[in-house]
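The chain contents come next:
2 protein chains.
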Amino acid sequence: MSSRRDAVHDTLRQSEGFRSAQDVYAEMRQTGAKIGLTTVYRALQALADHGKVDVLRNDDGESVYRACATGEHHHHLVCRRCGHTVEVAGPDVERWAETVGAEHGFTEVTHTVEVFGTCSSCSTPVGAG
Amino acid sequence: MSSRRDAVHDTLRQSEGFRSAQDVYAEMRQTGAKIGLTTVYRALQALADHGKVDVLRNDDGESVYRACATGEHHHHLVCRRCGHTVEVAGPDVERWAETVGAEHGFTEVTHTVEVFGTCSSCSTPVGAG
DNA sequence: CCGGGAAATGAAAATGGTTGTCAAAATCGC
DNA sequence: GCGATTTTGACAACCATTTTCATTTCCCGG
Ligand SMILES: [Zn+2]
Ligand SMILES: [Zn+2]
Ligand SMILES: [Zn+2]
Ligand SMILES: [Zn+2]
Chain D
364 MSSRRDAVHD
374 TLRQSEGFRS
384 AQDVYAEMRQ
394 TGAKIGLTTV
404 YRALQALADH
414 GKVDVLRNDD
424 GESVYRACAT
434 GEHHHHLVCR
444 RCGHTVEVAG
454 PDVERWAETV
464 GAEHGFTEVT
474 HTVEVFGTCS
484 SCSTPVGAG
Chain C
364 MSSRRDAVHD
374 TLRQSEGFRS
384 AQDVYAEMRQ
394 TGAKIGLTTV
404 YRALQALADH
414 GKVDVLRNDD
424 GESVYRACAT
434 GEHHHHLVCR
444 RCGHTVEVAG
454 PDVERWAETV
464 GAEHGFTEVT
474 HTVEVFGTCS
484 SCSTPVGAG
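Protein sequences appear in the order of chains D and C.
The numbering used here numbers the first residue of the first sequence as 364 and each following residue consecutively.
The numbering used here numbers the first residue of the second sequence as 364 and each following residue consecutively.
Be aware that a few hints might be false.
Short, incomplete list of chain D residues facing chain C, as computed with Cβ under 10 angstroms [to be verified]:
| no. | residue |
| --- | --- |
| 1 | 410 |
| 2 | 414 |
| 3 | 426 |
| 4 | 456 |
| 5 | 466 |
| 6 | 468 |
| 7 | 470 |
| 8 | 479 |
| 9 | 480 |
| 10 | 482 |
| 11 | 485 |
| 12 | 486 |
A few chain C positions that, by computed beta-carbon distances, are all more than 10 angstroms from chain D [to be verified]:
| no. | residue |
| --- | --- |
| 13 | 397 |
| 14 | 432 |
| 15 | 436 |
These are computed hints drawn from the structure, not numbers from a lab.
Where is the CB? At the ideal position from N, CA and C, for every residue including glycine.
Assemble the whole structure, with the sequences as input and the hints as a guide.
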């Protein structure tokens with residue numbers, strides 16, 4: 364229905380890592396797209412609600428979004444330098460979370476798991492001769 | 364040095380779960396403490412910087428703090444209803460995070476892991492009996 | 001006890017991401 | 001074409017957090 368929402372989704376698909384609403388907005392405007400910030404926020408929220416994109420909070424507390432390849436439950440390995448993101452599965456972690464919750468009598472157990480690091484490209488020594 | 368910082372720390376110790384700066388401030392004022400909101404923010408940040416309290420972001424993006432029993436690396440099992448928090452260890456998760464990072468050539472790997480659920484007290488049926 | 005300088009404090013203003021408002025514009029159904 | 005419905009986006013409102021800056025407190029030598 365919404366060409367704007369699709370445009371937002373497309374913009375996100377072109378990005379490798381997680382992007383904030385403001386990022387997406389700026390990029391779309393830069394490429395000549397005619398869209399308002401409010402609409403970008405709404406599109407992003409709608410996409411997240413529909414499970415079309417993943418959302419998490421960065422260190423600044425901003426919501427950042429990413430169009431992941433899979434709709435399955437997964438987590439992320441994110442380069443804190445360049446933002447390069449790898450989707451990773453962790454069956455052990457899934458089990459662990461469930462177990463830990465059950466051990467303490469918790470139900471409806473969910474979890475958040477994110478892994479950060481410096482990717483190989485970014486960890487290549489710059490000053491090494 | 365700072366009696367204020369100690370007061371903030373004490374207030375946090377009296378809380379079972381994670382509390383926001385505004386929460387702590389409100390509670391301290393309620394109990395008659397003479398302190399400003401700015402100072403509460405600063406004390407909380409300082410305590411977090413010194414590893415004296417744990418900090419994470421709640422669903423609203425607010426920073427929430429907790430005075431944990433151990434200074435060791437650990438994670439949390441949090442009741443999303445009453446905030447009841449259990450400190451949990453997850454050696455398997457620690458290993459998994461390292462492994463996943465290494466497999467993809469990432470270095471300086473860190474992670475965030477939080478488990479949420481409904482604690483036994485909160486999951487007791489209310490209308491039953 | 002006195003004074004100066006550094007550190008701590010907090011009221012008020014600024015910041016900034018996000019959400020709410022609401023009128024205009026686009027779309028739909030007929 | 002036309003009214004009903006949805007979408008859009010400029011702008012204002014929100015609200016947690018930060019910054020500012022003048023005042024207060026603390027520390028310490030004299
Ligand atoms: Zn990188
Ligand atoms: Zn998982
Ligand atoms: Zn509970
Ligand atoms: Zn860990």
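We went through each hint and held it up to the structure:
With a least beta-carbon distance of about 18 angstroms to chain C, the hint placing residue 410(D) at the interface is violated under the 10 angstroms criterion. Below 10 angstroms, beta-carbon pairs count as interface contacts, and residue 414(D) has none with chain C, the closest being about 17 angstroms; its hint is therefore violated. The interface hint given for residue 426(D) holds, since its Cβ lies 7 angstroms from the closest Cβ of chain C, which is under the 10 angstroms cut-off. For residue 456(D), the interface hint holds, since its Cβ comes within 10 angstroms of a Cβ in chain C; the closest pair sits about 6 angstroms apart.
Satisfaction of the interface hint for residue 466(D) is found here, the shortest Cβ-Cβ separation to chain C being roughly 9 angstroms, below the 10 angstroms cut-off. At about 4 angstroms, the closest approach between the beta carbon of residue 468(D) and any beta carbon in chain C falls short of 10 angstroms, and the interface hint on this residue holds. Taken as an interface hint, residue 470(D) checks out: its beta carbon lies about 5 angstroms from the nearest beta carbon of chain C, inside 10 angstroms. A least Cβ separation of about 5 angstroms between residue 479(D) and chain C falls short of the 10 angstroms threshold, and the interface hint therefore holds.
For residue 480(D), the shortest C-beta to C-beta distance to chain C is roughly 3 angstroms, which falls under 10 angstroms, so the interface hint holds. At its closest, the beta carbon of residue 482(D) sits 6 angstroms from a beta carbon of chain C; the interface hint therefore holds under the 10 angstroms criterion. Because the smallest distance between the Cβ of residue 485(D) and any Cβ of chain C comes to about 9 angstroms, under 10 angstroms, the interface hint for this residue holds. Below 10 angstroms, beta-carbon pairs count as interface contacts, and residue 486(D) has one with chain C at about 5 angstroms; its hint therefore holds.
A cut-off of 10 angstroms between C-beta atoms confirms that residue 397(C) is not in contact with chain D; the least separation is 29 angstroms. With a least beta-carbon separation of about 15 angstroms from chain D, residue 432(C) lies farther than 10 angstroms from that chain, consistent with its non-interface assignment. Every CB of chain D is more than 10 angstroms from the CB of residue 436(C) (nearest about 14 angstroms), matching its label as outside the interface.
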